[in-house]
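Protein chains: 2
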Amino acid sequence: ITVTSNQNYDGSTDPQFTEKFFTQTLDHFNFNSMGNGTFNQRYLITDQYWKKGYGPIFFYTGNEGNIWDFALNSGFITELAAQQRALVIFAEHRYYGESLPFGNNSFSVPQVSLLTVEQALADYAVMITELKQQLGATDCPVIVFGGSYGGMLSVYMRIKYPNIVAGALAASAPILSTAGLGDSRQFFRDVTADFESVAPECTNAVRGAFHQLKELSERQDYSHIQAAFALCKPPSSPQDIHQLNGLLRNAFTLMAMLDYPYSTHFMGNMPANPVKVACKTMLRGLDLLVNLRDTAGKNSLCKFLIKYILFILKMIFNDPSATVLLQACTEIELCYESNNETDMFPPMAFTKEIRRLYCSKRWAVVPRPGWLKIQFWGDALSTASNIIFSNGDLDPWANGGVRRSLSSSLTALNISGGAHHLDLRGSNEADPVSVVSARKTEADLIAQWVKMERTRLQKFV
Amino acid sequence: ITVTSNQNYDGSTDPQFTEKFFTQTLDHFNFNSMGNGTFNQRYLITDQYWKKGYGPIFFYTGNEGNIWDFALNSGFITELAAQQRALVIFAEHRYYGESLPFGNNSFSVPQVSLLTVEQALADYAVMITELKQQLGATDCPVIVFGGSYGGMLSVYMRIKYPNIVAGALAASAPILSTAGLGDSRQFFRDVTADFESVAPECTNAVRGAFHQLKELSERQDYSHIQAAFALCKPPSSPQDIHQLNGLLRNAFTLMAMLDYPYSTHFMGNMPANPVKVACKTMLRGLDLLVNLRDTAGKNSLCKFLIKYILFILKMIFNDPSATVLLQACTEIELCYESNNETDMFPPMAFTKEIRRLYCSKRWAVVPRPGWLKIQFWGDALSTASNIIFSNGDLDPWANGGVRRSLSSSLTALNISGGAHHLDLRGSNEADPVSVVSARKTEADLIAQWVKMERTRLQKFV
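Which chain is which? The protein sequence lines are A and B, in order.
3 is the number of the first residue of the first sequence in this note's numbering; add one for each residue after it.
3 is the number of the first residue of the second sequence in this note's numbering; add one for each residue after it.
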């Protein structure tokens with residue numbers, strides 16, 4: 003089955019991907035008949051830039067979502083492939099998009115239990131090894147790319163499978179915070195900082211609006227709240243208010259993450275510089291609650307909140323159908339809290355205990371705090387090499403990642419004025435110089451890795 | 003539960019191990035209620051040499067068998083602990099000894115499916131991490147040790163968990179041949195070479211005896227065979243002869259592996275220099291078949307064949323109750339063949355197809371050739387560091403391992419006149435100078451690794 007792309011969301015040259023399916027092992031860590039079953043794992047491939055049998059392979063380690071979304075919003079990879087004559091593959095993560103191991107049954111218990119980071123990495127290791135054989139590319143160096151959770155997977159591929167992967171570009175990969183390292187207040191503090199940097203009045207207005215909402219709910223003036231937020235039905239309990247607070251907080255989070263200097267269509271439709279646009283809305287009139295509603299949920303800016311509500315909900319554990327939540331219930335630790343002191347949001351704790359209760363009830367799983375740090379090294383990365391950790395300083399995920407170079411081959415790049423994995427996007431006129439420079443450094447390092455790996459591979463000939 | 007050792011099989015100082023049990027996660031790669039179950043994993047520990055809270059931890063990554071057998075035959079580790087003031091832990095591999103995840107039910111299908119290399123490594127990673135906490139040893143560098151399959155596990159621990167393990171001494175670890183790399187004729191060729199080096203007449207006599215056996219069986223002179231080998235009942239088919247050939251071949255294999263310069267009680271009771279003793283027997287009279295019987299199976303030398311028949315059988319896939327066979331049916335490739343040209347044994351093929359049929363029938367599993375090479379890097383080890391690959395040139399497993407240093411921190415040591423992981427055994431007056439020298443190099447390298455790791459760990463304080 004092949005489908006060809008005819009549209010490139012981030013405006014870069016259309017690389018004309020072909021959609022294919024790979025017969026993948028169901029359970030890499032179990033050798034019985036069930037484990038040896040297979041499923042169809044989707045991948046996108048383009049060889050239009052490839053120097054066949056010689057050029058490198060640029061392999062995107064797909065993350066939580068339809069692989070087309072990542073392929074069509076990572077134009078840098080294909081731009082670089084054109085320069086370095088690379089084969090490009092975007093692999094879809096198991097249990098997302100169309101790569102469902104048990105079809106529509108995939109999300110039941112226990113079928114869903116084969117959704118783990120380890121299985122996903124083994125998928126990529128096996129897929130790369132076999133595709134290299136099939137394509138006559140056994141001597142071609144492989145570089146992995148990924149953004150966000152996909153960037154975490156890229157790091158893990160390089161540290162766990164350096165026999166297969168010569169280097170990794172991990173863009174906006176929060177490998178430390180998701181391993182339970184760092185401060186649980188960091189995330190929403192950094193969301194707040196983005197709005198504060200536009201104007202301190204903006205965060206004051208947001209605080210004021212949340213404070214009004216709190217007062218109304220304490221008076222149980224639910225009809226006023228319904229009217230102010232144009233809700234379909236009035237809230238009726240503190241839990242409803244908690245949910246509303248969560249939704250509003252997410253809207254701000256998403257604007258900070260996607261604070262690109264041009265309009266994007268990655269997670270919904272975002273205008274250029276959404277944080278600035280949001281602050282303008284927050285400060286336009288005297289009714290703070292209406293401003294808050296208009297900022298977060300109702301005006302044309304934030305249609306994404308309605309259209310992409312599922313995606314947003316996934317981000318914070320509220321949607322029971324989102325399998326990304328299972329991942330956050332097992333290996334990946336996302337216990338970020340707001341407290342109204344280091345951030346502008348209402349105090350919303352997210353403790354290990356809350357996590358444990360939710361995960362046990364919803365997925366019949368028990369989180370294992372500390373496991374990710376054991377399995378994927380946490381901050382003990384000194385024996386690794388050939389990894390770029392890029393982060394933009396507008397991105398609330400950035401400070402959950404590696405911000406300082408750890409050695410000459412573990413390079414941290416800061417992209418001043420950059421939002422969530424801006425560097426992976428195709429070039430744009432509105433790009434800040436910082437990202438242009440970061441992409442240049444990335445291209446140079448990747449070319450070096452490819453050269454080194456070619457030497458290593460040819461030793462075995 | 004604690005039991006204390008009162009005997010040390012290899013004659014080194016009794017380190018007075020205490021036997022303990024660790025509450026271990028049942029399935030590290032599955033987070034549902036079954037995966038989150040636990041079992042009691044046995045380990046032996048001694049702190050009598052330890053500079054508490056400061057000295058390194060020497061951790062033996064247990065292999066296929068009762069952990070006491072390894073602890074009491076690896077005196078070098080405790081001798082080194084005394085020098086370097088280390089804490090010593092010997093951890094038992096899941097599904098062996100008393101570390102049975104499902105008690106007596108552990109060997110049923112599907113319970114047995116949690117016996118994998120990946121699970122065993124995760125056991126050790128979790129155990130080390132938690133014991134370091136419990137013992138106030140978080141800043142203590144960890145060095146792993148292992149012999150044979152245990153040495154493979156040591157290598158894998160260092161390459162997959164360098165965040166936890168600062169270095170590995172892998173003694174007689176056939177990491178290449180078990181990953182399907184190399185020549186399937188190597189193993190029995192090297193067994194033969196050991197006997198050839200004692201006297202070419204010896205291998206000629208062995209060949210001659212096998213030839214006589216072949217002629218008798220071709221004439222279906224089964225009663226003659228019964229008499230010559232003192233069998234309980236006569237063989238009745240070519241399959242029986244095939245089994246007999248296999249048993250005899252194993253006896254020679256074990257003598258080559260355990261060709262130590264002093265008598266040992268590791269896998270049965272072996273005299274000093276068993277290969278020499280065997281050749282003397284093979285050459286003592288004119289009846290080659292009787293000599294063969296006396297060499298391989300009946301004289302006092304080879305009581306081990308009867309007493310340890312299970313162990314020996316495990317080695318070559320014939321015993322249906324041995325779980326090590328499951329491991330050889332899933333990840334570990336042991337497709338060694340004899341052919342009577344490059345070795346002195348009857349031609350006995352062991353192809354991937356034979357393996358597949360046996361494994362499917364006996365264990366309901368399908369081997370995945372190539373998986374071990376993907377998962378544990380095969381010969382693509384250049385990014386690894388701090389590993390010693392020691393091998394003795396009498397050991398038929400040696401040439402399935404790493405024989406040449408790969409970098410300044412991937413050191414191959416050859417022990418001239420050494421059998422299977424001789425260097426791990428306690429010092430003995432009969433030791434060849436080669437092993438004394440190898441142990442000295444190992445001690446120096448390990449001291450360096452400990453020093454480097456201390457610097458790294460203290461950075462995080």
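FYI, nobody ran anything at the bench for these hints, they're computed from the structure.
Remember, it's a predicted structure, so these values are computed and weren't measured experimentally.
One or more hints might be untrue.
Copies of the same chain look alike in the list, so a pair counts if it fits in one copy or across any two.
[Said to hold, decoys possible] Calculated pairs, BS3-like style, for lysine-lysine (alpha carbon to alpha carbon, straight line, at most 27 Å):
no. : residue 1 : residue 2
1   : Lys354    : Lys134
2   : Lys22     : Lys375
3   : Lys461    : Lys375
4   : Lys282    : Lys375
5   : Lys134    : Lys461
6   : Lys461    : Lys54
7   : Lys278    : Lys216
8   : Lys375    : Lys54
Here's how the hints hold up against the structure:
Taking the shortest alpha-carbon separations for Lys354 and Lys134, only the inter-copy value of 23 Å comes in at or below 27 Å, while the best intra-copy value is 42 Å. With identical chains, the CA atoms of Lys22 and Lys375 are at most 27 Å apart between copies only, with a shortest distance of 26 Å across copies and 34 Å within one. In this assembly of identical chains, Lys461 and Lys375 lie within 27 Å of each other by CA distance solely across copies; the values are 17 Å between and 34 Å within a copy. Taking identical chains as interchangeable, the C-alpha atoms of Lys282 and Lys375 are never at most 27 Å apart, the minima being 41 Å within one chain and 57 Å between chains.
For the identical chains of this complex, Lys134 and Lys461 are intra-copy neighbours only, at 17 Å inside a copy versus 40 Å across copies, given an alpha-carbon limit of 27 Å. When the C-alpha separation of Lys461 and Lys54 is checked against a cutoff of 27 Å, the pair qualifies only within one copy, where the shortest distance is 20 Å, while the shortest distance between copies is 46 Å. For the homomeric pair Lys278 and Lys216, the shortest alpha-carbon distance inside one copy (25 Å) is at most 27 Å, but the shortest distance between copies (89 Å) is not. Taking the shortest alpha-carbon separations for Lys375 and Lys54, only the inter-copy value of 25 Å comes in at or below 27 Å, while the best intra-copy value is 39 Å.
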